[in-house]
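Construct all of the structure, not just a fragment, from the sequences and the given hints.
Single-letter residue listing:
Number of protein chains: 2
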Amino acid sequence: MATKTDFQQWAAAQQQRIEAQLQAVLPSADVAPQRLHEAMRYAATGGGKRVRPLLAFAAGEITGADVSRVAIAGAAVELIHAYSLVHDDLPCMDDDVLRRGKPTCHVEFDQATALLVGDALHSLAFQLVSEYRLTDEAVVQLEMIKLLALAAGSRGMAGGQAIDLAAVGANLSLPELEFMHIHKTGALIRAATLMGARCGSPLDERALGKLDHFAKCIGLAFQVVDDVLDIEATTATLGKTAGKDARQNKPTYVSLLGIAESRKLAAELREDALAALEVFGERARRLRELADFIVLRKF
Amino acid sequence: MATKTDFQQWAAAQQQRIEAQLQAVLPSADVAPQRLHEAMRYAATGGGKRVRPLLAFAAGEITGADVSRVAIAGAAVELIHAYSLVHDDLPCMDDDVLRRGKPTCHVEFDQATALLVGDALHSLAFQLVSEYRLTDEAVVQLEMIKLLALAAGSRGMAGGQAIDLAAVGANLSLPELEFMHIHKTGALIRAATLMGARCGSPLDERALGKLDHFAKCIGLAFQVVDDVLDIEATTATLGKTAGKDARQNKPTYVSLLGIAESRKLAAELREDALAALEVFGERARRLRELADFIVLRKF
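Protein chains in written order, with my numbering: chain A, 1 to 299; chain B, 1 to 299.
Derived from the structure by calculation, the hints contain no laboratory data. Don't take every hint at face value.
Simulated crosslink set (SDA-like; lysine to any residue; CA at most 20 Å straight-line) [as the list claims (entries may be wrong)]: (1) A:146 - B:21; (2) A:146 - B:146; (3) A:146 - B:133; (4) A:146 - B:138; (5) A:146 - B:137; (6) A:146 - B:24; (7) B:146 - A:136.
What the simulated footprint calls covered on chain B by chain A, stretch by stretch (three residues with Cβ under 8 Å from a Cβ of chain A suffice, anywhere in the stretch; the number is not a length) [unchecked claim]: (8) 106 to 117; (9) 138 to 147; (10) 162 to 172.
Here are some chain A residues the structure puts well away from chain B; computed CB gaps all over 12 Å [to be verified]: (11) 10; (12) 15; (13) 19; (14) 125; (15) 261.
Glycine included, C-beta positions come from ideal geometry on N, C-alpha and C.
Next up, the structure:
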């Protein structure tokens, strides 16, 4: 195995940090209701690329944020992401049986438990961002909670999921596909990035706008690459069912543009994302590396 | 029709206020994703006793809280309650078709939409309590958000639902039944009461403890009366399926104690609740009237 790059070492350390943070804040499986708590831990720990927390940590480096504060913000975002995966995998939604290389929550436990796991992880995310101090100013923390709530709700992630459901079998245009992804995955990626930054010294509106533009581009690039990998990669590499989008007749970047044009789009989005980081100079190094990781990843 | 009592007029006015508040904060059904927003409005408006917001308004009278602030806190609690009903009614949970005299959300729309409706109402609740000012001190508002998150989560309402699921067909003892209800409905009733009070002037720890004890007793009394009504009332009166608990072989106060003893328990809980309000004098008048309403109601 090749020696890890500096970025890979940093990413691995942050992934360990977020895993430890999740382990620390999830209720013990010894506490009643035990089965629910066991299932929450099953769904939220032990896997995933943790892209959203990585973005939060990298953005926190721009503002000199305390990593222990960013870890709470990152864990909250990851809990929202984990809840959405549990609900999305349910039979009435995507009906999937494999996630992060393991049986999905409703397969390992049962549907009712999986429904409650999602609900309880959702509440736990908001418990974290209100219980722990994320930033010196409580008023700023309220703004961060609002950002997370908006990103998760009907004009963010949950809304994107609804648009996605309605799109099965439909002929979406490229702007319509983009609209869906900006909601479904983009909103939470943007929230993770902005929350990470806001744990530290205040940024002015223009800088926040640049950071948000970076996150918007990288969120879309993430999805474009996901669509390419869904075609090119194997289930074993992905840890989730490959080729699912095509079988479910879901519109994707690949179905609209083909593989070559999709790769080109991802590269353009990366360029756009990197350009937005110029104002931050060397402090945005980890964000740049993450942009590369997201676009060039194989899984 | 008999002339309304002063309490009935007050309650009707607060119910109208909370309905208007929910109408104002729920996204318009004209905004994308339209079907999701239409279904959120279907699930959260136009019905229900609004017991939790009423408790918030009544508790706010103790501390001289601004009613427009209490309306936000009450609407947030009601959104959490509404989301829980939508999810509880799903086929993988209680599988019910009637709620507030209308088809349940998944019957009127579809299961996937109902799942997302619950999720989006859940997020919207936390958006409200972070977006609007609930109290002068932002730090106190963070504590209120934490209170709501804990009441909704795995050691509150969602946990109570998990305990309820595990109890179907089981022989619970009275303490076990109480443990379930303290989580399933009690946690949110306590949060509503305490949040309403915290919108106003600060209460000391002892006063907050008294108020919490009132809410705990009245939450249990609410459930005992619910169990009695499930046997005695008709589906038409309740607006939800009557006699369901017995058919589903769920343990209830009536199945454990019988109707007469259950009524006696409800009366005792009311006495206990009223005793806890003594420290507040005349300012707790609406809370006393609500305790009577909850125990003496016929629907």
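Results of checking the hints against the structure:
Under the criterion of a C-alpha separation no larger than 20 Å, the hint pairing residue 146 of chain A with residue 21 of chain B is consistent with the structure, at around 18 Å. Distance restraint check for residue 146 of chain A and residue 146 of chain B: the Cα-Cα separation of roughly 14 Å lies within the 20 Å cut-off, and the hinted pair is therefore satisfied. With a CA separation close to 12 Å, the supplied pair residue 146 of chain A and residue 133 of chain B stays within the 20 Å bound. Distance hint between residue 146 of chain A and residue 138 of chain B is fulfilled; the C-alpha atoms sit about 13 Å from each other, no more than 20 Å.
Under the criterion of a C-alpha separation no larger than 20 Å, the hint pairing residue 146 of chain A with residue 137 of chain B is consistent with the structure, at around 17 Å. Simply put, residue 146 of chain A and residue 24 of chain B have alpha-carbon atoms about 17 Å apart, close enough for the 20 Å limit, and the pair holds. Pair hint residue 146 of chain B plus residue 136 of chain A holds up; C-alpha atoms about 17 Å apart against a cutoff of 20 Å. Residue count for the region 106 to 117 of chain B with a Cβ under 8 Å from a Cβ of chain A: 6. That meets the three needed, and the coverage hint holds.
Coverage of the region 138 to 147 of chain B by chain A holds. Counting CB-CB distances below 8 Å, 7 residues qualify, and the rule asks for three or more. Closer than 8 Å: that is the beta-carbon criterion, and the region 162 to 172 of chain B has 4 residues meeting it against chain A, so the requirement of 3 holds. No Cβ of chain B comes within 12 Å of the Cβ of residue 10 of chain A; the nearest lies about 31 Å off, and the non-interface call holds. Under the 12 Å C-beta cut-off, the non-interface status given to residue 15 of chain A relative to chain B holds; the minimum distance is some 24 Å.
Residue-level check passed: residue 19 of chain A sits 19 Å from the nearest beta carbon of chain B, beyond 12 Å. Residue-level check failed: residue 125 of chain A sits 8 Å from the nearest beta carbon of chain B, not beyond 12 Å. With a least beta-carbon separation of about 26 Å from chain B, residue 261 of chain A lies farther than 12 Å from that chain, consistent with its non-interface assignment.
Of the numbered hints stated above, the single one contradicted by the structure is hint 14.
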